[in-house]
Amino acid sequence: MNRTPHALLLALAAAVTMLASPVSAQNSCGAPSSNSKIVVYEQQKGDCGYWTTGIGRNTKPISPERMALRERMMKRRVLESYAEFLSPLRLPYTLYLIASDCDGKAWDSPYYDPSNHLINMCYSFIAASEKSAEQLAQMQTARQLWTPVSKEQLMAGLFATVLLHETGHAVFDLLNVPVFGREEDAADFMAAFIALQFGRDTARTAIKGFAYYWAYDAEQGADPNTEKPVNPSKDPEIRCAQDPFCAYSDEHGTASQRMYNVLCMAYGGDPTGFKDFVDVGWLPKERAEGCAGEYQRLKFAFEKTILPFIDQEQMKKVRAKSWFTPSETKER
Amino acid sequence: MRTCSRLATCLFALAFAVSALPAGAQPASGQQQPRIKISYEEPTNAQLRPIYERLKQRAVLEELQAFLAPLRLPRELTVSTAQCGATSVRFRPQGAAIVCYEMVQAIEELAAKHAKDAKLRQAVITGAFIETVLHETARAMFEILEVPIWGREQDAADRLAALIMVQFGEDVARVTIEGTADLFMWSDKKWTGSDFSEPASPQAQRFFNYVCIAYAAAPLQFGELVKKGILPKGRAQRCEGEYEQIRKAFNLRIMPYVDPEALVRLRATSWLIWQPNK
Chain A
4 MNRTPHALLL ALAAAVTMLA SPVSAQNSCG APSSNSKIVV YEQQKGDCGY
54 WTTGIGRNTK PISPERMALR ERMMKRRVLE SYAEFLSPLR LPYTLYLIAS
104 DCDGKAWDSP YYDPSNHLIN MCYSFIAASE KSAEQLAQMQ TARQLWTPVS
154 KEQLMAGLFA TVLLHETGHA VFDLLNVPVF GREEDAADFM AAFIALQFGR
204 DTARTAIKGF AYYWAYDAEQ GADPNTEKPV NPSKDPEIRC AQDPFCAYSD
254 EHGTASQRMY NVLCMAYGGD PTGFKDFVDV GWLPKERAEG CAGEYQRLKF
304 AFEKTILPFI DQEQMKKVRA KSWFTPSETK ER
Chain B
6 MRTCSRLATC LFALAFAVSA LPAGAQPASG QQQPRIKISY EEPTNAQLRP
56 IYERLKQRAV LEELQAFLAP LRLPRELTVS TAQCGATSVR FRPQGAAIVC
106 YEMVQAIEEL AAKHAKDAKL RQAVITGAFI ETVLHETARA MFEILEVPIW
156 GREQDAADRL AALIMVQFGE DVARVTIEGT ADLFMWSDKK WTGSDFSEPA
206 SPQAQRFFNY VCIAYAAAPL QFGELVKKGI LPKGRAQRCE GEYEQIRKAF
256 NLRIMPYVDP EALVRLRATS WLIWQPNK
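Taken in order, these protein sequences are the chains called A and B. For what it's worth, the working numbering labels the leading residue of the first sequence as 4, then goes sequentially. For what it's worth, the working numbering labels the leading residue of the second sequence as 6, then goes sequentially.
Treat each hint with caution, since some may be false.
Label-pair ranges, simulated between beta-carbon atoms [stated by the list, open to error]:
{"id": "1", "chain 1": "A", "residue 1": "F312", "chain 2": "B", "residue 2": "A51", "range": "54 to 60 Å"}
{"id": "2", "chain 1": "A", "residue 1": "P235", "chain 2": "B", "residue 2": "P55", "range": "41 to 47 Å"}
{"id": "3", "chain 1": "A", "residue 1": "M318", "chain 2": "B", "residue 2": "Q99", "range": "29 to 35 Å"}
{"id": "4", "chain 1": "B", "residue 1": "Q99", "chain 2": "A", "residue 2": "L310", "range": "21 to 27 Å"}
{"id": "5", "chain 1": "B", "residue 1": "R77", "chain 2": "A", "residue 2": "E306", "range": "22 to 28 Å"}
{"id": "6", "chain 1": "B", "residue 1": "K42", "chain 2": "A", "residue 2": "T275", "range": "36 to 42 Å"}
{"id": "7", "chain 1": "B", "residue 1": "V263", "chain 2": "A", "residue 2": "P64", "range": "55 to 61 Å"}
{"id": "8", "chain 1": "A", "residue 1": "S330", "chain 2": "B", "residue 2": "E81", "range": "40 to 46 Å"}
{"id": "9", "chain 1": "B", "residue 1": "A51", "chain 2": "A", "residue 2": "P235", "range": "46 to 52 Å"}
{"id": "10", "chain 1": "B", "residue 1": "M260", "chain 2": "A", "residue 2": "V283", "range": "42 to 48 Å"}
{"id": "11", "chain 1": "B", "residue 1": "V263", "chain 2": "A", "residue 2": "P329", "range": "53 to 59 Å"}
{"id": "12", "chain 1": "B", "residue 1": "Q172", "chain 2": "A", "residue 2": "F312", "range": "29 to 35 Å"}
It is worth saying that the hints were derived from the structure and are not from the lab. Here the structure is a predicted model, which is why all the values come from computation and not from measurement. Where a beta carbon is used, it is the ideal one built from N, C-alpha and C, also for glycine.
So here's chain A without its partners, still in its complex pose (with noise of 0.2 Å):
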């Protein structure tokens, strides 16, 4: 998910120190976990995976602001329900889960750290994203966009997506699934499978979320540019970002690109469930038409590769329950 490289790679260094020094490893919270292979990771004993801190270098107490984002997080049992939505997984290596306020930035994405098998949500992106939100769906109602959409379920639908997203990474890493295509699009399009095994209602809000999202930050101006800038800057990172060509180096896909592959698949996987994304014109015919093609490569990539690693006893579980609350999964 994560936009800004430089970040992530410094939060993977920052992971490889935590996870270097001795802490103790074991969840003193909750009821114990039905898969011992995914592990709410306790900086202190009784913090149930909710860190106090930052991460690695950061190791500053959270600010009152960031506290009291903890505390909804905490309340909420994102950590604890993730285990859980995760438990139908037969990983052979551990996975462990935390939230932290990782690099202490105000806007750090959630991650996954490969050297640590370790999936850290940050606070900073609930605060950051619960912003834009709030604007999406001004601007949404105002210039009467696409499909209707409440702030809630922006917010519950790209949460979802964004650890689904570092899920998907995590799963490639820890299972050596062959990725032939662009990883980071493959991550988009895990997240957006999985949601859509879950019933019309919890996928429309997971879709949603993530889609607005990305065409809120290409609203926003994050697709690259089509004409060199006057002043560039003279950061090198800025400046390629500014820079028509080389902004295309970025491995994640343009913001417009996400949005569209996204769309592309919750149609193609549902096609009455999202027909009105074709109707409004938000998903282009031309795409739409090859969507179930797409929708069936990416169905048959899971079923080769992920498949074998899931309890499928475990998974009727999963499946049965409502993950987003009824005002998170309510069409304005």
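Chain A is fixed; fit chain B onto it per the hints.
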């Protein structure tokens, strides 16, 4: 700046060359892979006829057969050159890998516009043509070998093509990667709005996918891309991981269908010589 010339045996695409390069030696019949069929479809558009004639005369597809000889496919693969009405056609399940005459024409036109030096022009045409053939063949192989594809299929075909390009030594890598890279760099299409809904990636994105794999495979040969700032350091740092990933995918899913002895013989063949301009 660089050119390519040929040895006694030459890669199929070089034989296609528009310039006065001599036609290559034909592959020995014993090397031909019976499960790979080829066909040159006759175009109805008179403008495309010279391309058709050249490809046929130079036995481009016959050389491709020789190149693909180590593959042990479970069913027949047809590779065709054809008039498509566009530079590429949507790949159809069970269909042929099709190289469109219109794509060859577009490559020639772009090279003529941007490469004033004849030898450079020739090298770019050769490299870009090989890219097109490998890309289309990769898509057909995915289907025939039932390869699970994570990510966008056309990017997967690019990454596989790039991996193949860098397995035959520095000269082949230079000609193919640089020809491909130049062509993508010269593309003047500006992508905006719903253009991004296309299942194919923008040319600039494809450029970086190719050069990233090339840089990881041969940092000495392609390190200048980083030094000159063409391949940004941020991406370059992660190219090794990308290269290892596609190599692992190849080894897991395609290598079981490759005859290792035949592959050694193929790699022992000199295909292309890259010569920097003095």
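| Unsatisfied constraints (hint numbers, rising) | Checked against the structure, the only hint that fails is number 8, while the rest are satisfied.
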